[in-house]
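Number of protein chains: 2
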Amino acid sequence: MNTSTLTGLAAAFCTTVSFLPQALQTIRTRNTASISLPMYALFTLGTLLWLIYGVWTSNMPVYIANGITLVLAMIILAYKIKYK
Amino acid sequence: MNTSTLTGLAAAFCTTVSFLPQALQTIRTRNTASISLPMYALFTLGTLLWLIYGVWTSNMPVYIANGITLVLAMIILAYKIKYK
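So the protein lines, in turn, are chains A and B. For the first sequence, the numbering used here begins at -14 and goes up steadily by one. For the second sequence, the numbering used here begins at -14 and goes up steadily by one.
No lab work stands behind these hints: they were computed from the structure. Fair warning: there could be bad hints in the mix.
Claimed, not checked - A partial selection of chain A residues facing chain B, derived with a Cβ cut-off under 8 angstroms:
{"#": "1", "residue": "-4"}
{"#": "2", "residue": "7"}
{"#": "3", "residue": "11"}
{"#": "4", "residue": "12"}
{"#": "5", "residue": "14"}
{"#": "6", "residue": "17"}
{"#": "7", "residue": "20"}
{"#": "8", "residue": "32"}
{"#": "9", "residue": "38"}
{"#": "10", "residue": "43"}
{"#": "11", "residue": "45"}
{"#": "12", "residue": "48"}
{"#": "13", "residue": "59"}
To be verified - Below 27 angstroms or equal to it, Euclidean Cα-Cα: the simulated DSSO-like pairs (lysine-lysine) are:
{"#": "14", "chain 1": "B", "residue 1": "65", "chain 2": "A", "residue 2": "65"}
{"#": "15", "chain 1": "A", "residue 1": "67", "chain 2": "B", "residue 2": "69"}
{"#": "16", "chain 1": "A", "residue 1": "69", "chain 2": "B", "residue 2": "65"}
{"#": "17", "chain 1": "B", "residue 1": "69", "chain 2": "A", "residue 2": "69"}
{"#": "18", "chain 1": "A", "residue 1": "69", "chain 2": "B", "residue 2": "67"}
{"#": "19", "chain 1": "B", "residue 1": "65", "chain 2": "A", "residue 2": "67"}
{"#": "20", "chain 1": "B", "residue 1": "69", "chain 2": "A", "residue 2": "65"}
{"#": "21", "chain 1": "B", "residue 1": "67", "chain 2": "A", "residue 2": "65"}
In this text the structure is predicted, and so the values were computed from the model without any measurement. C-beta: ideal position from N, C-alpha, C; glycine also.
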């Protein structure tokens, strides 16, 4: 595996895993005041589109990363709507 | 342009632009209590790696989308560190 592929994998790992501490903090505190509703509405839609795009183009890294991110983004969005 | 490419562009548009309302809300309110510091630290690093990967592999959609997201993520991260 070459260096650019490794950089892409490291990038995908960071941007995907980053939503885990946010989801955990949101579930634990139920405090969503400083989280933007338009951000998570648009971001969740975008991640769903990335997932569809990844499946459509048989791009496994894209659909795996976005499948995970979609679940985490949906949790944060659901808490934002419920505890606004 | 085929339908899968359009889906990818729509996905990139949504996930990139989504950070704008979050950055604007954070700048306006300076309230960052429910924003996760580990999320934005990891996400900013990931976006920087995506930018490097995009430039490295001459993938314009990747480096343009992540260049914009990096600026927005850095603003949110800076406010989180300053107003925690």
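Each hint tested on the structure:
no.: 1; hint: -4; result: 4 angstroms, holds
no.: 2; hint: 7; result: 4 angstroms, holds
no.: 3; hint: 11; result: 7 angstroms, holds
no.: 4; hint: 12; result: 11 angstroms, violated
no.: 5; hint: 14; result: 7 angstroms, holds
no.: 6; hint: 17; result: 5 angstroms, holds
no.: 7; hint: 20; result: 5 angstroms, holds
no.: 8; hint: 32; result: 6 angstroms, holds
no.: 9; hint: 38; result: 4 angstroms, holds
no.: 10; hint: 43; result: 10 angstroms, violated
no.: 11; hint: 45; result: 15 angstroms, violated
no.: 12; hint: 48; result: 11 angstroms, violated
no.: 13; hint: 59; result: 14 angstroms, violated
no.: 14; hint: B:65 to A:65; result: 19 angstroms, holds
no.: 15; hint: A:67 to B:69; result: 24 angstroms, holds
no.: 16; hint: A:69 to B:65; result: 20 angstroms, holds
no.: 17; hint: B:69 to A:69; result: 20 angstroms, holds
no.: 18; hint: A:69 to B:67; result: 24 angstroms, holds
no.: 19; hint: B:65 to A:67; result: 24 angstroms, holds
no.: 20; hint: B:69 to A:65; result: 20 angstroms, holds
no.: 21; hint: B:67 to A:65; result: 24 angstroms, holds
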